[in-house]
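Q: Model the full structure from these sequences, guided by the hints.
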Amino acid sequence: MSYAQRDTPILAKLCTLLVEDQYGELASRIFTVLARHGRQTLPSIVRASYLNSRQIKYGLIVLIQQHLVFHSSFLDPTTTYYEIDWQQAYSLVRYGKILKAVEDRFGGKAANVMSNLIALGHTRIQDLREAYFPPSDNNSDAGSDSGRVNGKVNGHKPNGTANGANGHNNGHSNGHGEGEEDVNDLTIQSEEELDAIIHHLMLEGWIIRVDEIQYLSPGDIQGMVQREVLGEQHDGKMPSGVKAKEQMVFEINSRKRAMRDDWCRVPKCNSRKRLASDPDFSRTTKRLKQGALEWQPRDANNIVMLESGLVIRTNPEKISVALRTEQLVHLVEQRLGPVTAKIYEVMLRLMETTIARAYEPYADPPPSDPDAMGPEVQDKHLVTAQDVAKKLDKDLDILDGLDPYHVVRLVEADTRVRYDTTNRQINPPVDPTTLSYQTRTKVIDCHIRRLADDPFHFTTWHSRAGFSQWHVEFDELSKSLIQHEIETTIQSRGGDRGPLGVKLIRALKKKGKLDERQTCNTMMMPAGEIRQIANEMAVQGFVQTQEIPKVERREAKHSIHLIWYDRQRAREKLLHDTYKGMIRILQRIAFEKEKVRELLNKAERSDVVGNEEKWLSQDELSVLRKWKEVQDKLLLQLLREDDLVATLRDHTGPLTSP
Amino acid sequence: MPPGRGGRGGGRGGRGGGGFNPARGTISIAGIELNWDLSGLEIPRGPAERFPKAPPPQAPPPSEDDSAAVKHSLAVRDTIHEGSFYTILNDGMTTGLKRKVGEDGPTETSLFNPFTDNQTYTSKYLKVRRRIPKLDTRPYVADLFPPELRSILDHSGTTANGDTSGDRPNKKRKVLQISKGNAVTQIERYIKDEEQRTKLMEERGEDDEDADLDDEEQDDDKPDAVDEEDNWSAVSSDSEESGDDYNAEQYFDNGEDDDVDEDDPYDNTY
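Chains as they are written, first to last, in full-length UniProt numbering: chain A, 1 to 658; chain B, 1 to 270.
The set of hints was computed from the structure by calculation and includes no laboratory data. You may find that some hints are simply not true.
Unchecked claim - Here are the simulated PhoX-like pairs of lysine-lysine, each with C-alpha atoms no more than 20 Å apart in a straight line: (1) A:Lys602 / B:Lys192; (2) A:Lys595 / A:Lys633; (3) B:Lys192 / A:Lys628; (4) A:Lys57 / B:Lys134; (5) A:Lys245 / A:Lys256; (6) A:Lys626 / B:Lys192; (7) A:Lys479 / A:Lys573; (8) A:Lys633 / B:Lys71; (9) A:Lys633 / B:Lys192; (10) A:Lys13 / B:Lys98; (11) A:Lys394 / A:Lys442; (12) A:Lys595 / A:Lys628.
A: So, in structure tokens, the structure goes:
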């Protein structure tokens, strides 16, 4: 759960639409009851709803299976309260992005496992294995059989050896047989491979263990942990002193963190030594199109065997880390060019493994003395240019985007080139693929320094250990990203006066609360122009106003009128507007769907499926195509607005200081 | 007519209160001449348009990553819709809350659309939407559900300790529904089929002689209904060649036969 979201009705509406979109009407009807009345027991849901109790029970099972509803039966089995998991309900919109992120990072097979996990909610490993590989008694399943045969051929020879010998080679050989491989790419060949993929995703933090406590709502967890702490340390009574209370909060937070981190810990799994007869499945790593990252098993000599009773689900918090990476990379691409962005992407993805979530909701309060802070950055969050050089695609032209004069000095160890001042070119041109590892590292370090020099400070220098170690101050970056989004919105909403609005926001951000005369002085503009824009911004909710009476009668003439800018309020307003926009899109999709409903019904008919070209006319097919375009376009916009929500909501906590 | 302008600013071709003098580049407001430099300024004299054209801002086209994400969302949604949890109640309600007193709920009649909801022969092919989730097709982890709901899961065959139907060999084994390969969204399938169809049409255009032959071949492989036991469609496919017009599948179809039926007895009734 990221920071305590104000549960506005607008969010309830949005989540209801999302639930209906994914899981149908029964689930969403029950969801509306819980959204309207809050935490409820089963009998009170039945009382509040027009549905009968059988329907409600079935609907609740669907909602619980998909983690959309918390329930408190773990604490008190006699009366169970049900409560909506807003975070999970909202993240229904991110299913596609989760799959996209997993596919980018770990390949198509991992995405396939992930998509099944998403569709199933949570599942036992054993059940998943049986679903992928039906037990031998119904051996007639021809499809899976042929898959296995394929797997052995595929797994044994060409890829495994090529990869084992030389990673470089693998890329090339894969390139040749690409068409052939795409067919087999997404079929998982054996239980061992399935286990290896799941284990890897667990190590990377995308899949977590399911625990009963995860079904407790945040309030229940707080209560439970607090009771524990009080019982153990304070004899069951609330401590009275300020210091003792602080100590208690500290203790509660650290216990919550420990509990939550325990879910993410990969359980100790049995592994056996790889036998010579075992097909080498885990090494059939697919070189991804991006080329940068391949997933590789941690320990190639052991075959992982997960405990069959383990219950797993997707980690709802991890996607925000991936989304943050993507947004930062996108921003860097706009500001510093594609090559630097690529390098930044590699850096961030290196860090992703160790970052479980974008925002720590149970953080300790910052100590009053900033010097007393311990080692701020952990070693695992540090990246050097060498790490990047190892992972970076060899074919990327890393010299692009740098000052050629500087490049000449960097590469002079490798090749004799000079800078041609008349043409402003390097003469003769350097082939980036022939550079030595040392030089590559130096060039990459240059790119990283560019990232650090940007006003956004995408990277921060940490220390020198052979090479410079860099880290990323995500918290500060997230704050600037929020400010950036707010400014972009004002700019594009305002039309001609957009830049003026941004100027006003920045002036107010710098100076604090200002009255009209001070605003004029700060912005060096006549009052009339400022008044107009300030009014507009106040109506939109980005600028706050305050009136301080000077005389007792509170006359407007004798009052001081102040305007100021509050980041947190502006952020919440923008978030609210974005939610609203998303609702509109979902409603529009429903409307457009209603228009073609008859046709869609026809296309779904059992005699039509598979024979579309015969039973649907040309017109009908073109209407379908049109509907697909409309749906794609609207969904795309929905996903983009979700990016904005991620930036505004998920990456950092409340911004209290201006 | 603007009153009394002659007295002030004589010699100017003033236009009353807000006159603009292009010669001197000055403007006079309420009789006071202000020397703001407004030369080159075009002041629109007509009334402003009531609904000026304001094209909505267009979103940039999708990048490769964007379309991939959209594709994944659609694919996973289709998987869920095909699964056993997706329900459509179609009862005309918008929320699950109880109706207020005096507020009439939708009735059967009000929900009935006379144009589309009449049962026709092809209705038997319509996709049946579930009104209640079908819970007994897959195994559950019953421990994670509250006790009051476990009875439903037990009914549907999962034992409480989590062993899935291992102790009941006679029962059908419950297996999770998963997609093994790359899921293609439904709509994409239609589109792909259409492309094949247009390709087919083009090929036909090239050699007309084969066209008739193709048609006959196509008619031979008529679709069977999904249920194998259902013989109706097989019968009808036979009857089609015998020219039987009691063939409901063809009856409401694309109207191929309409122009052929010259001696239709009902033709003259209009």
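Q: If a hint holds in the structure, say so; if it doesn't, say that too.
A: For each hint, the structure was consulted:
Between Lys602 of chain A and Lys192 of chain B the CA atoms are separated by roughly 17 Å; this keeps the pair inside 20 Å, and the hint holds. The hinted pair formed by Lys595 of chain A and Lys633 of chain A meets the criterion: a straight-line CA distance of about 17 Å does not exceed 20 Å. Restraint check: the Cα-Cα separation between Lys192 of chain B and Lys628 of chain A comes to about 12 Å, which is no more than 20 Å; the hinted pair holds. Between Lys57 of chain A and Lys134 of chain B the CA atoms are separated by roughly 12 Å; this keeps the pair inside 20 Å, and the hint holds.
For the proposed pair Lys245 of chain A and Lys256 of chain A, the alpha carbon gap of about 17 Å is at most 20 Å, so the pair holds. Between Lys626 of chain A and Lys192 of chain B, the direct Cα distance comes to roughly 14 Å. Compliance with the 20 Å bound is thereby established for this hinted pair. Restraint check for Lys479 of chain A and Lys573 of chain A: satisfied, since their Cα atoms lie roughly 16 Å apart, inside the 20 Å limit. A threshold of 20 Å between alpha carbons decides the hint, and for Lys633 of chain A with Lys71 of chain B the separation of about 11 Å falls inside it, so the pair holds.
Only pairs whose Cα atoms come within 20 Å are accepted, and Lys633 of chain A paired with Lys192 of chain B is accepted, the gap being roughly 19 Å. Using a Cα cut-off of 20 Å, the hinted pair Lys13 of chain A and Lys98 of chain B holds, with the two alpha carbons roughly 17 Å apart. A threshold of 20 Å between alpha carbons decides the hint, and for Lys394 of chain A with Lys442 of chain A the separation of about 15 Å falls inside it, so the pair holds. As the CA atoms of Lys595 of chain A and Lys628 of chain A are separated by approximately 13 Å, the hinted pair is consistent with the 20 Å bound.
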